[in-house]
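Protein chains in written order, with this note's numbering: chain A, 1 to 306; chain B, 1001 to 1306.
None of these hints come from the bench; they were simulated from the model. The C-beta atom is built at its ideal place from N, Cα and C for all residues, glycine as well. Among the clues, some could well be false.
What the hints assert, rightly or not - Reference excerpt, derived from the structure (chain A facing chain B, CB under 10 Å, subset only): (1) N13; (2) P86; (3) G87; (4) C95; (5) L98; (6) S102; (7) Y104; (8) R175; (9) V181; (10) L183; (11) K202; (12) V210; (13) Q225; (14) I226; (15) E301.
Stated by the list, open to error - The following label-pair restraints were derived from C-beta to C-beta distances: (16) E291/A x R1285/B: 47 to 53 Å; (17) R1286/B x E90/A: 19 to 25 Å; (18) S304/A x L1148/B: 33 to 39 Å; (19) S304/A x A1081/B: 49 to 55 Å; (20) D213/A x E1136/B: 50 to 56 Å; (21) G1248/B x Q158/A: 52 to 58 Å; (22) N1151/B x D213/A: 45 to 51 Å; (23) E293/A x R1114/B: 19 to 25 Å; (24) G1248/B x S304/A: 40 to 46 Å; (25) S62/A x E1293/B: 47 to 53 Å; (26) V1181/B x Q158/A: 33 to 39 Å; (27) E1155/B x D51/A: 38 to 44 Å; (28) L1148/B x R196/A: 45 to 51 Å.
Protein chains: 2
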Amino acid sequence: MSVLIAGSLALDNIETPDDRVEDAAGGSASFALVAASFFGPVQLVGVVGDDFPQAHLDFFRSRGVDLQGLQRLPGPTFRWAGKYLPGLNERVTLCTELNVSSQYQPKVPESFRRPEAVFLANDHPRLQRQVLDQVEKTGLVICDTMNLWINTAREELQALLPRVDILMLNDEEARLLSGEVSLLKAGRKILGAGPRAVIIKKGEHGSFLVSADQIFLAPAYPLEQIKDPTGAGDTFAGAFAGSLAQEGGLRGTPFRWCPHLKRAMVRGTVLASFTVEEFSFDRLRRLSEKEIEERVQRLREMVSFD
Amino acid sequence: MSVLIAGSLALDNIETPDDRVEDAAGGSASFALVAASFFGPVQLVGVVGDDFPQAHLDFFRSRGVDLQGLQRLPGPTFRWAGKYLPGLNERVTLCTELNVSSQYQPKVPESFRRPEAVFLANDHPRLQRQVLDQVEKTGLVICDTMNLWINTAREELQALLPRVDILMLNDEEARLLSGEVSLLKAGRKILGAGPRAVIIKKGEHGSFLVSADQIFLAPAYPLEQIKDPTGAGDTFAGAFAGSLAQEGGLRGTPFRWCPHLKRAMVRGTVLASFTVEEFSFDRLRRLSEKEIEERVQRLREMVSFD
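The shape of chain A in the complex, shown without the other chains (with noise of 0.2 Å):
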């Protein structure tokens, strides 16, 4: 029930209007990878450089993540820095250096080709591409993509849309893609270009999953405070993806009522109201399954009714 896991690996700088922090583990893999290890096991393919700390992947690997896929070549991982505005809802990309991931060519282990699921976090996706393309079978195909990509490999990400079974990106996203300004409409709209569903991830409001004949609303945990938003998003498509690989991908079920797509979008949900807690993944460090447990718990108390 293993599921892979394919995209960046990051050193970020980030600056919050409370705090700031260097050289902190990021990318939308390592978000990804950490939060889906919470369900089960975890295939990574993707790429760092030769100063990325040992210590983070010996760290993934106690959470049984199998790194056979990881290639370290020489050179400098990708960086991120970026700045956030008062409020988090805003942020300032300050500089994006790819490094090592532009010469990089995702290799797929042997081992890795029969996958309960395929998560393709963001990424180029040509990246994507290269990676399903090695994939020899799989229950589910679930991509993660963001308005870089739309905007600059428009035609690779719709030549792609067709082998995913579920898409996630954000409102923004939704809305350049699609060209609607109702979010509905674009989800609808995406669904046409080939996915079975589309989940629309709205930041601090939640996120939606809208599929032929089905519509989930999963609106955010409420937190008082969050530190750095930085992940959440990548954290809840972790979550969600190994979610759905642990409990059999959506084979044999209808996909109209599936219980498991509504489970996998709740505990993607709190994975994500975790991360936003600390700097990085921080926060997944110490989280056990009882509290993921409590917060799913508690959000069915907060959105039932009679």
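Assemble the complex: chain A is given as a structure, and chain B must be docked to it using the hints.
Positioned in the frame of chain A, the structure of chain B alone reads:
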């Protein structure tokens, strides 16, 4: 089990990106009373000028609204004109003419002085206080407000809050009133000023209620298309108040897990989803209980999970 609703009655000129309407029935009390009328008897306290169409008053009466507390003064009715920007999430006020409202003093008829619940729809806090001063006994006081009063009549609003059970305001107003960026923190801080619960309305993102020991999250009912958001918050609030009044307010139930509160928020959410589908409260004119119940049920399916 009647609800007393006091607030403004207006004639609105509204421009949306696709359409426009002139002299549409509007004002906080108009939307609120029509919405509340789906759940039980309504008593209106308000004012109109001599140009307010009799047809609207006849419609209110047909919905079971008692108009004994409505004054008709010589001169034009309160007028508001606004223009929505593309996306409908922002609007510009083009003109506000208080007209007969500027000289108005609310009078609560003898037969209105012991309602199950009072809803002080958005209006100057001085008028809201004058209404409340005339109520002899009620099970519940619900109050809505807006940024204008927070900016121009903050002391009068603050003085009212200890007499309010449930305060409603939107996200920006909650931040303005509390000085907190986090909406959950804002809600909790406002609780300290008097109300037993605060409901923060987030437009297309729904609303949430926070009390000392409860949070209830009510995401908006998803719609592909909205025509005019005007009155959505007033509709929500009116249906909320009407639903609570119908079920006997909050007397005799512990506040904490009171199912009435949740049901009232869901009904408010659903009624608002109908209001925005057409101009004014036109969609509510031909709304059936069956349609309401269908959306309540659909919303339950869209948020519930195992």
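**Study point:** Violated hints, by number in ascending order, as checked against the structure
**Key:** Numbers 1, 4, 5, 6, 7, 17, 19, 23, 24, 27 - these are the hints that the structure violates, sorted from lowest upward.
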